[in-house]
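S.K.: So the chains spell out like this:
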Amino acid sequence: MRRISSAWLLATLAILLPVIVLYSMTVGTVSISMAEAFSAAVDSLFSDVDSAGQTQVILFDIRLPRILLALLVGAILASTGAVMQGLFRNPLADPSLIGVSGGASVGASLMIVFAGGAIESGLLMGLSLVALGAFVGGFAATILVYRLATSGIGTSVTTMLLAGIAIGALAGALNSLLSYFADNDMLRQISLWQMGNLSAASWAKVLIMALISLILLVWFPRDSRALNALLLGESEARHLGIDVQRVKRRLIVLTALGVGVSVALAGMVGFVGLVIPHVIRLLIGPDHRWLIPGSAMAGAILLVVADSLARVVVLPAELPTGILTALLGAPFFIALLLQQRREV
Amino acid sequence: MTLRAENISLHLSGFDLLRNVTVQVEAGKVTAIVGPNGAGKSSLLRVLTGELAPTKGSISFNQRDLNDWPVQQRAQMLAVLPQHSLLNFPFTANEVVALGRIPHQTGTLKDAEIIDQALKLVDAEYLQKRFYTQMSGGEKQRVQLARVLAQVWLPCAAGEQILVLDEPTAAFDLAHQQLTLEIVRQLAEKGVGVVMVLHDLNLAARCADKLVVFDGGLVAAQGTPEEVLSEQLIDQVFGVKAMIARHPVTNKPLVIT
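Protein sequence lines correspond, in order, to chains A and B.
The numbering of the first sequence is the numbering used here, which starts it at 1 and goes up by one.
The numbering of the second sequence is the numbering used here, which starts it at 1001 and goes up by one.
So that you can see chain A by itself, here it is in the shape it has in the complex (with noise of 0.2 Å):
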């Protein structure tokens, strides 16, 4: 399959990207022109906070914060995913590799099956308890995998995707465990976690987010010529100058503390994560320099065009988010593999 440039896609994105949030703010159970989102911005600019309207409540209480919730947990699981690939090199692998998936959805249970009441009333920044456990519990299972694939001669890759497998197997057994002992009431909120869902944005959590993606953001482009080198080989790697174990430890960590934090705000979006670079790599090539940009940048659209369809296509209702990234993202996928088969 041919290529295009670079810099032409990531152009491309960092102008869509924008035109998209504006469109999506417009969107939604009650419906906003640009107009009127335009003045009521302006409004709330020039005026008193108390003569906020209806409108203003609407777009910058509820639709923004949620949006850019979107926005920064599709580039962060799109990024993660980004460099999972390139760090097992393996283009199939994704960030639920770790085990941080596996481990925050038993975090997320265990709080919902036994937090019971104080679910939504314990709430510390605008956390809930659910999203604790889950951040918790997707940490420990990263640490887990990482401990079980690490002996004196460093981190084999190959141990890590098993254990992450087992460790995967094993939260999916405790979760079936809780979901078994689980009121209708729970089960009910176990899937709709797990389904992920970015209804209950705000503000805090946006804040949250977004300064964890700071620190990734800012670091993983120092580590994109090491995941280069990696895709070599790691001894080959180690050859071109590159500190394999600790780029591996690095990468590991910031991963675990990226999706952890996006999985316990956002519940479990899938598929971002493995389709996005997967997508990127196929129209820009592995340069991670471009990739990992690129994916993000790729992974925050479908988030919030997803979310936005979510948000409208079953009026009045809504769809849980995660279940719209798929049904967008695969058929894209299936028609490119598609189309690089014919090419071969």
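Fair warning: there could be bad hints in the mix.
Quick list of the computed label-pair ranges, beta carbon to beta carbon [what the hints assert, rightly or not]:
| hint | chain 1 | residue 1 | chain 2 | residue 2 | range |
| --- | --- | --- | --- | --- | --- |
| 1 | B | GLN1178 | A | TRP8 | 36 to 44 Å |
| 2 | A | ILE15 | B | GLN1105 | 28 to 36 Å |
| 3 | B | THR1133 | A | THR12 | 24 to 32 Å |
Covered stretches of chain A (in silico footprint by chain B; criterion: 3 or more residues with CB under 8 Å from a CB of chain B, positions within the stretch not fixed) [to be verified]:
| hint | stretch |
| --- | --- |
| 4 | 134-143 |
| 5 | 217-229 |
| 6 | 277-289 |
Simulated from the structure, these hints should not be mistaken for laboratory data.
Ideal Cβ placement from N, Cα and C applies to all residues, glycine included.
For chain A, the structure is supplied; the task is to place chain B on it using the hints.
M.R.: For chain B alone, coordinates are given in the frame of chain A:
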């Protein structure tokens, strides 16, 4: 003395892979390592390049212990071409060779020039924009050779450079085997020390200044090809009856089986 393994032994999971091996690789010389399969040639390369720590003995590189060099600085002076590469991502040939410039800070323009020249040198210019994953085995190996050549393309201020090649000619046709050996000779004339594992004794005799013959983890003989290659040694190490003649043009030893 550039890269020297002093009395090293390697003991891995119950096996003695190397026993009291002393080998020296000099700048500006070509050293070929030969020996039967499983004799310890690759183990020696892995120890010489710092990939495996020897159980006993020490390795010095440019007047320091090999492990005392910072990894990046070491990579500016020591390039390694493995026998097989795991790369299965669709980099172009250009991008693969560019990886060889990672340890250096010479700027994109200079790097692009080096990448071009390295690909030209290994007769892979026509592969520049082609995807690595779609190349033949020989083409892939030539691109990888260009990558390690790019890594030691310019002399390094920190010390003398060494290029390590593990069976570089295994995937090549006759013409590219000759080309590789020519490149290796040119590199040695520029002052780089080359150490490589070869299976073809005649290629080794033609190209190398020094031959190290391995057998069962021990050095069976080392010296110039003329000193080392004898009918008796080939029988003893490989178990093959051979005759040693002289090449009519180069006058180098010629092993006839």
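S.K.: For every hint, state whether the structure bears it out.
M.R.: Hints versus structure:
no.: 1; hint: B/GLN1178 to A/TRP8: 36 to 44 Å; verdict: holds, 43 Å
no.: 2; hint: A/ILE15 to B/GLN1105: 28 to 36 Å; verdict: holds, 33 Å
no.: 3; hint: B/THR1133 to A/THR12: 24 to 32 Å; verdict: holds, 26 Å
no.: 4; hint: 134-143; verdict: violated (count 0)
no.: 5; hint: 217-229; verdict: holds (count 3)
no.: 6; hint: 277-289; verdict: holds (count 4)
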